[in-house]
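Trainee: So you can see what is in the structure, the chains are spelled out below.
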Amino acid sequence: MATSLLRAFRSSGTPGFTLSTLLIAAIVVSPVVALVYIASAGSGDLWPQLTAYVLPSAAANTAGLLTGVGLLTGIIGVGTAWLVATANFPGRRFFDWALLLPLAIPTYILAYAYLDLLHPLGPIQSALRAFLGISDPRALHFPELRSMGGAIFLLGFVLYPYVYLAARASFLMQNAAALEAARVLGAGRGEVFFRVALPLARPAIVIGVTLALLEALNDIGATEFLGVRTLTIAIYSTWLNRSSLPGAAQISLFMLTLVILLFLLERWARKGQRFVTAGKRAQTPARTTLRGPKAIAATLACALPLVIGFLAPAAYLADRAIRKAISGDISAALFRETANTILFAGLATLATILAGILVAYAIRTDRSGLAAPASRIASIGYAIPGTVLAVGLLWPLASFDNAIDAAFRQWFGIHTGLLISGSGAALVLAYTIRFLAVSVNGIEAGYAKISPSVDHAARSLGENSFGTLRKVHLPMLRPALGGAAILVFVDCMKELPATLMLRPFGVETLATHIYAEAVRGTYEDGAIAAILVVLAGLLPVMLLARISRNAIATP
Amino acid sequence: MSRFVFSLAIFAAIAAGAMAPLPAHAQGEVNVYTTREPKLIQPLFDLFTKETGIKVNSIFIEKGMAERVAAEGANSPADILMSVDIGNVLDSVARGVTQSVQSEALNAAIPANLRDKDGHWFALSLRARLFYVSKDRVKDTALTYADLADPKWKGKVCIRSGQHPYNTALIAAYINHYGEEKAEAWLKGIKANLARRPAGGDREVARDILGGICDIGVGNSYYVGLMRGRKNEEQNKWGAAINVILPTFPGGGTHVNISGASVAKNAPNKANAIKLLEFLLSPEAQAAYAKVNYEYPVRPGAQIDPIIVALGTLKTDEIDLRAIAKNRKLAAQLADKVGFDQ
Numbered sequence: 001m002a003t004s005l006l007r008a009f010r011s012s013g014t015p016g017f018t019l020s021t022l023l024i025a026a027i028v029v030s031p032v033v034a035l036v037y038i039a040s041a042g043s044g045d046l047w048p049q050l051t052a053y054v055l056p057s058a059a060a061n062t063a064g065l066l067t068g069v070g071l072l073t074g075i076i077g078v079g080t081a082w083l084v085a086t087a088n089f090p091g092r093r094f095f096d097w098a099l100l101l102p103l104a105i106p107t108y109i110l111a112y113a114y115l116d117l118l119h120p121l122g123p124i125q126s127a128l129r130a131f132l133g134i135s136d137p138r139a140l141h142f143p144e145l146r147s148m149g150g151a152i153f154l155l156g157f158v159l160y161p162y163v164y165l166a167a168r169a170s171f172l173m174q175n176a177a178a179l180e181a182a183r184v185l186g187a188g189r190g191e192v193f194f195r196v197a198l199p200l201a202r203p204a205i206v207i208g209v210t211l212a213l214l215e216a217l218n219d220i221g222a223t224e225f226l227g228v229r230t231l232t233i234a235i236y237s238t239w240l241n242r243s244s245l246p247g248a249a250q251i252s253l254f255m256l257t258l259v260i261l262l263f264l265l266e267r268w269a270r271k272g273q274r275f276v277t278a279g280k281r282a283q284t285p286a287r288t289t290l291r292g293p294k295a296i297a298a299t300l301a302c303a304l305p306l307v308i309g310f311l312a313p314a315a316y317l318a319d320r321a322i323r324k325a326i327s328g329d330i331s332a333a334l335f336r337e338t339a340n341t342i343l344f345a346g347l348a349t350l351a352t353i354l355a356g357i358l359v360a361y362a363i364r365t366d367r368s369g370l371a372a373p374a375s376r377i378a379s380i381g382y383a384i385p386g387t388v389l390a391v392g393l394l395w396p397l398a399s400f401d402n403a404i405d406a407a408f409r410q411w412f413g414i415h416t417g418l419l420i421s422g423s424g425a426a427l428v429l430a431y432t433i434r435f436l437a438v439s440v441n442g443i444e445a446g447y448a449k450i451s452p453s454v455d456h457a458a459r460s461l462g463e464n465s466f467g468t469l470r471k472v473h474l475p476m477l478r479p480a481l482g483g484a485a486i487l488v489f490v491d492c493m494k495e496l497p498a499t500l501m502l503r504p505f506g507v508e509t510l511a512t513h514i515y516a517e518a519v520r521g522t523y524e525d526g527a528i529a530a531i532l533v534v535l536a537g538l539l540p541v542m543l544l545a546r547i548s549r550n551a552i553a554t555p
Numbered sequence: 001m002s003r004f005v006f007s008l009a010i011f012a013a014i015a016a017g018a019m020a021p022l023p024a025h026a027q028g029e030v031n032v033y034t035t036r037e038p039k040l041i042q043p044l045f046d047l048f049t050k051e052t053g054i055k056v057n058s059i060f061i062e063k064g065m066a067e068r069v070a071a072e073g074a075n076s077p078a079d080i081l082m083s084v085d086i087g088n089v090l091d092s093v094a095r096g097v098t099q100s101v102q103s104e105a106l107n108a109a110i111p112a113n114l115r116d117k118d119g120h121w122f123a124l125s126l127r128a129r130l131f132y133v134s135k136d137r138v139k140d141t142a143l144t145y146a147d148l149a150d151p152k153w154k155g156k157v158c159i160r161s162g163q164h165p166y167n168t169a170l171i172a173a174y175i176n177h178y179g180e181e182k183a184e185a186w187l188k189g190i191k192a193n194l195a196r197r198p199a200g201g202d203r204e205v206a207r208d209i210l211g212g213i214c215d216i217g218v219g220n221s222y223y224v225g226l227m228r229g230r231k232n233e234e235q236n237k238w239g240a241a242i243n244v245i246l247p248t249f250p251g252g253g254t255h256v257n258i259s260g261a262s263v264a265k266n267a268p269n270k271a272n273a274i275k276l277l278e279f280l281l282s283p284e285a286q287a288a289y290a291k292v293n294y295e296y297p298v299r300p301g302a303q304i305d306p307i308i309v310a311l312g313t314l315k316t317d318e319i320d321l322r323a324i325a326k327n328r329k330l331a332a333q334l335a336d337k338v339g340f341d342q
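Sequence lines, in order, name chains X and L. So for the first sequence, my numbering puts the first residue at 1; every next one is plus one. So for the second sequence, my numbering puts the first residue at 1; every next one is plus one.
Since the hints were made in silico from the structure, they are not lab data. Small disclaimer: the values here were computed from a predicted structure and weren't measured. Mixed in with the good hints, there may be bad ones.
[What the hints assert, rightly or not] The calculated lysine-lysine pairs, modelled on DSSO-like cross-linking and capped at a C-alpha distance of 30 Å, are:
1. X:K324 to L:K291
2. L:K50 to L:K39
3. L:K39 to X:K324
[As the list claims (entries may be wrong)] Covered by chain L, according to a simulated footprint, are these stretches of chain X (three or more residues, beta-carbon under 8 Å):
4. 134-143
5. 228-237
6. 241-247
7. 383-393
8. 396-410
9. 443-453
[What the hints assert, rightly or not] Every beta carbon over 10 Å from chain X, so not counted as near; a handful from chain L, in silico:
10. I59
11. E72
12. N236
13. I307
Note that beta-carbon positions come from the ideal geometry of N, C-alpha and C, so glycine has one too.
Using the sequences and the hints given, assemble the complete structure.
Mentor: Shown next, in the form of C-alpha cells:
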C-alpha cells in the first residue's frame with residue numbers, strides 16, 4: 001500500500017499540489033471522523049424509537065421540501081435565465097443583474113420578514129382588510145405560511161439565483177449554430193428551448209439546483225421557524241431534546257451518506273456528457289425581440305421573483321430599520337459586529353480561494369489518480385449541516401489546542417490557552433471547510449475554458465508548475481476566481497449555525513446579533529443588523545453579476 | 001502582485017489582532033456562558049459590576065453549551081454556566097462540566113428543592129407555564145392543563161414545538177401526575193386541536209390570538225410582562241388581546257420551571273463566579289430580576305412585579321423538579337410518538 005502510494009506520488013507530475021490536496025481533504029474530513037467517533041459511542045438504543053416515529057416523517061418532509069425547492073428554483077432560475085439570455089423585453093438589462101439580488105438575503109431573515117408581512121396583523125392582510133372594509137381578521141383567510149408549502153415557497157424564491165446564475169451562463173455560451181439550425185428546421189421558440197437549449201444546459205442547471213438543494217437541506221432558521229421538521233431538525237432535536245449526541249451524529253452520518261449517494265447517482269447519470277459544454281465557443285445567438293403582451297409577460301415573469309425574493313423583504317427590513325434608527329437607539333456594537341462579520345468572511349474567503357486553487361490545479365495536472373478523489377472528499381463540507389460541522393470540529397480543535405497548551409507549559413512554561421478554538425481561527429476554518437466546494441467548483445469551471453495546450457506551452461518555455469499557475473493560469477482564471485470568491489464571501493456572511501457555536505468568547509457577528517434579537521422576540525431591534533447583512537451582501541452580488549457577464553462577453 | 005501581497009499582509013495583521021484569544025484569567029472578570037440571551041439580564045450584570053468592579057463577559061450559546069465547555073476542557077474560559085429549564089441545567093451537571101460550590105449565602109437564599117444538595121446547580125428565577133386566551137372569544141376563567149385536549153378547542157390551539165424544553169418539561173410533569181398512557185392521549189388531543197403547526201415562540205401565541213388564528217395557547221408567565229410592560233406598540237397590543245389563566249394539575253398547582261446556573265468545573269475566576277451567583281440571589285437582585293425580567297424570584301419574600309402579581313396567585317405544582325426531569329426523555333418520546341410537530 002505504502003510503496004504503491006509512493007510510486008503514484010512520484011509519477012503524479014505535481015506532487016506538491018497533490019500532497020496539498022490530500023492534506024486539505026484530510027482537514028475537511030476530520031470533523032466527519034470526529035462524528036464517526038462520537039456516533040460509535042452510541043448504543044443505538046434510540047433507533048427503534050427514531051425509525052418508528054421520527055425518521056420516516058423527517059425523511060418524507062426532507063424529500064418533499066427538496067423536491068419542491070428543486071422544482072421551484074429550477075423553474076424560476078431556468079425560466080428567467082432563458083428570457084434574459086435569449087429575448088429582448090422592457091427591463092431586460094436591469095433584470096440581468098437584479099435577479100441575483102436574493103442571494104444577499106439569508107433564509108432565516110426572509111422567514112422572519114415574511115411571517116410578519118403575511119401575518120393577519122401584518123401590512124398586507126391589514127391593507128387588504130381595509131380595502132375590503134373588513135374589521136375582523138378572522139373574516140379573511142390566507143393560507144398558513146407555517147407549512148410545507150410556505151417553506152417551499154420562501155426557500156424557492158430566495159435560492160433560485162444559484163440556478164439562474166448557472167443556467168444563464170450556459171444559455172449565453174450555447175452554440176448559436178445549434179439553436180439556429182433548430183429554428184431553420186422549423187422548431188418554434190418553445191421547441192428550441194425544450195429540445196435543444198435545455199438538454200445542452202442540463203449539466204449547468206444540475207449544478208445550480210444542487211447548490212440550492214444543499215442550502216435548503218442545511219437550512220435550520222427558516223424551516224424551524226416555519227415548523228417544517230426536516231432531517232436536519234431531527235438531528236438537532238435528537239442531540240438537544242433526546243439528549244443523545246451519538247444519536248445525532250448517527251443521523252447526520254446517515255444524511256451525509258444519502259447526499260453522497262445522490263451526488264454519485266447524478267454523476268453517473270451524466271457521465272459521457274462532459275464534452276457537451278467544452279466545445280469551442282461560438283457566437284452568442286441573436287436575441288428575439290418580444291412585443292406586446294409577450295413582452296409584458298416576460299417583464300412580469302422576471303419581476304415576480306425579484307419582488308418576492310428581494311424587494312419586498314428588503315423594503316420591509318428597511319422600513320423597520322429606519323423607524324428604529326429614528327427612535328435613536330442604534331447599538332454601538334453594530335459597527336464592531338459589522339467589522340467582525342466582514343473580517344471573518346473575508347479571511348475565510350481568502351483561505352477558501354487559496355485552497356480551491358491548490359485543489360483545482362492539482363486535479364488538472366495530477367497523473368497519480370489521487371487528486372480527483374481527494375478533491376471530491378475536500379468538497380463534502382457543503383453537505384454537512386452547520387451545527388453538525390461545528391460539533392465535529394469542536395473536539396479535534398480543542399484537543400489540538402489543549403495538547404499544544406500542555407506541551408508548551410511543560411517545555412517552556414508558557415500558557416498558550418485555546419489557540420484555535422478560543423479565537424476566530426475556528427470560525428475561519430469552519431467556513432473554509434463548509435464552502436470549499438463552492439470555490440473548487442467555480443475554479444474548475446474556469447479551468448475547463450483553458451486549453452491544456454496553454455500549460456504545455458508554459459512548461460516548454462521553462463516555467464515550473466508554480467510559475468505556470470501564477471503567471472499563466474491565475475490571470476486567465478480571474479473571472480472564475482472573482483465569482484467563486486464572491487459566492488463564498490456572501491455565504492460566509494450569512495452563515496449562522498456554525499457561527500453561533502464556534503464564535504470566540506466575546507465576539508459577535510451580524511448573524512448572531514440578529515439571531516439573539518429574534519430569540520428575545522425583539523425582531524425590530526434586529527432589523528438594522530439584518531439590513532446591514534443584506535447591504536454588505538449587495539455589493540458583492542452586484543459585482544458577481546458584472547463578472548459573470550464580462551466572463552461570457554470576453555472569453 | 002506585490003501590492004496585493006502588501007494589502008494581504010495588512011489584512012492579516014489586523015485579523016491577527018482581532019482574533020487573538022481572550023486571556024482566560026484576567027483580574028476582576030467573570031465569564032458567563034448562557035443558553036439564554038444574556039441581554040435579558042444585562043441590567044443585573046451592570047449592577048454587579050457597579051457594586052464590585054468585576055467585569056461580566058457573556059456569550060450566548062443556545063445550542064451545545066455543555067458540549068463546547070466539555071471540549072474546551074482545562075482551558076475553558078467559562079466561569080458560570082447559565083441555562084433555562086431544569087433539564088438543561090441537569091444536562092450540564094451530567095456532562096461533568098460543573099463543580100460543587102458550598103456557600104452559606106446561596107443555601108440560605110434558595111429553598112432546598114430549588115438547588116442541588118452538592119452545590120452543582122442553583123435556581124435563579126422561576127417561570128410558570130400558563131394559558132393565554134382570547135379576551136374577546138373565550139369566557140373561561142379557570143382551566144386545567146387537561147382541558148387543553150378538550151375537543152371544544154378544535155382548530156383553536158397555538159403552541160410552540162413539542163420538542164422545546166418548556167413543553168418537554170410540561171409533558172414530563174403531566175406524566176408524573178397522570179401516567180404515560182393518559183399523557184399520550186392528552187398530547188393526541190392537543191394535536192387534534194391545533195390551529196397551526198407547533199412553531200415559533202410563546203409570544204407568537206399572543207400575536208396569533210390577536211390575529212384570529214387561534215383562541216387559546218400555551219406560554220410562559222414572563223412573556224406576559226414583556227409584552228405588556230415594555231415600550232413596544234405592537235407587542236403591547238398582543239399583550240392586551242389576551243387573558244391569562246393559571247392552569248392547574250390535580251392538587252391545584254401550576255407547572256413551574258427554573259432558570260439556573262452552575263459554576264464551571266474549570267472556572268478560571270471561581271471566586272468571582274461565586275460572588276456573582278451570591279449577588280444574583282441577593283434580595284436586591286432578586287427584586288430586580290422580577291422587575292427587569294418579569295420572572296418569579298426564587299428567594300422567598302422578594303418582590304414580584306405588579307404585572308405578574310395581577311395574573312393571580314401562583315400555587316406551585318407540588319411535584320419536585322428532579323422528578324419531572326426524570327421523565328423528560330419519555331416526554332420527548334411521547335411527543336415524537338403522537339407526531340406532535342408533524
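Trainee: All hints are to be evaluated individually against the structure, with a verdict given for each.
Mentor: Evaluation of the provided hints:
no. : hint             : in the structure
1   : X:K324 to L:K291 : 25 Å, holds
2   : L:K50 to L:K39   : 17 Å, holds
3   : L:K39 to X:K324  : 18 Å, holds
4   : 134-143          : holds (count 3)
5   : 228-237          : holds (count 4)
6   : 241-247          : holds (count 4)
7   : 383-393          : holds (count 3)
8   : 396-410          : holds (count 6)
9   : 443-453          : violated (count 0)
10  : I59              : 5 Å, violated
11  : E72              : 5 Å, violated
12  : N236             : 13 Å, holds
13  : I307             : 16 Å, holds
Hints 9, 10, 11 from the earlier list are contradicted by this structure; the remaining hints agree with it.
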